[in-house]
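> Sequence:
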Amino acid sequence: MIAEDMAEKKLRGSGGYAIARVTDEEQKKGNLGGPELFLAGIGRLEEDRFVKHYCNKCEKQYEGSPALVFENPNEEVGEGVTLIEKGEYKCKTCNATIAQYRKFNAPAQTPQQQETTTTPVQEPASRGEEESLAASPPPPADPVATSTTVSPPTTTIASDSFFPMQSLVGMSAYDGEAMLIGKVEQIGLRKVGGGGNARITIQIGEKEVPWDGISKIGDIILLKAAETKPAAAAAGGKCSACGYQNESDAAFCAECGTKL
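Per this note's numbering, residue 1 is the first one in the sequence shown, and the count goes up by one each step.
Note that these hints are calculated values from the structure, not bench results. There may be inaccurate statements among the hints.
[Stated by the list, open to error] Once the Cα atoms are required to be at most 27 Å apart in a straight line, the calculated DSS-like pairs of lysine-lysine come out as: (1) 224 with 9; (2) 238 with 28; (3) 207 with 103; (4) 86 with 60; (5) 103 with 183; (6) 57 with 9; (7) 86 with 238; (8) 259 with 216; (9) 103 with 52; (10) 238 with 29; (11) 183 with 238; (12) 29 with 52; (13) 86 with 29; (14) 28 with 10; (15) 238 with 10; (16) 9 with 92.
What you are looking at is a predicted structure, and each value in this text was computed from that prediction instead of being measured.
Whenever a hint applies, use it, and build me the whole structure from the sequences.
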């Protein structure tokens, strides 16, 4: 790879960041949702690609590459999805983790899926590129629920243009740092506010995630990177049922009515 094909970019991690030379394709992989790029999405880079790195624990910036430790577990984490490599970038001074990554080996696509993923979406698409679609939930089975208003946001869905929501159950879910948080157990509607409004949520273990918290769906589910909230807002008042941030002294959620 020649230097002209690369650009110096800031790549964030859970314990710091790095400045490294990356290609356009690697920048796409590092975009896990939002304006920032993440080392977790890019994975392993050669040492000579790094310009400098910053460790949150040391609160110091260092020249060159952080230390890299990786292994190849070849562990099956979902139906046909194998974890073939996992690694950590570490500070050479204090050994704190700067970033982690996971690399998966997904099943081969069918000819129909390959044809779908090469369809241009806003810009010329290459083989294997993901397309952005509006996910539409199936009609509710309960007649009472027919009056519920649900407006799911756009979510990037890999492969076929039709994705049955019930097929999400049992899928492995990873957070914005590509760390496994569990498997999807249920999908349902959570009532919010008045007027029969509801939103789609998925249950991952004991964690409930709204539909708009999903970044990508393919052989696994990737959640959006967590947003950093001001300390005052995070001090209290967040509803455990719907995630709405209430006033810190609120007794009931203003969004769904759950007791706080």
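> When the structure is checked against the list of hints, which entries are broken? Sort them ascending.
2, 7, 8, 10 and 15
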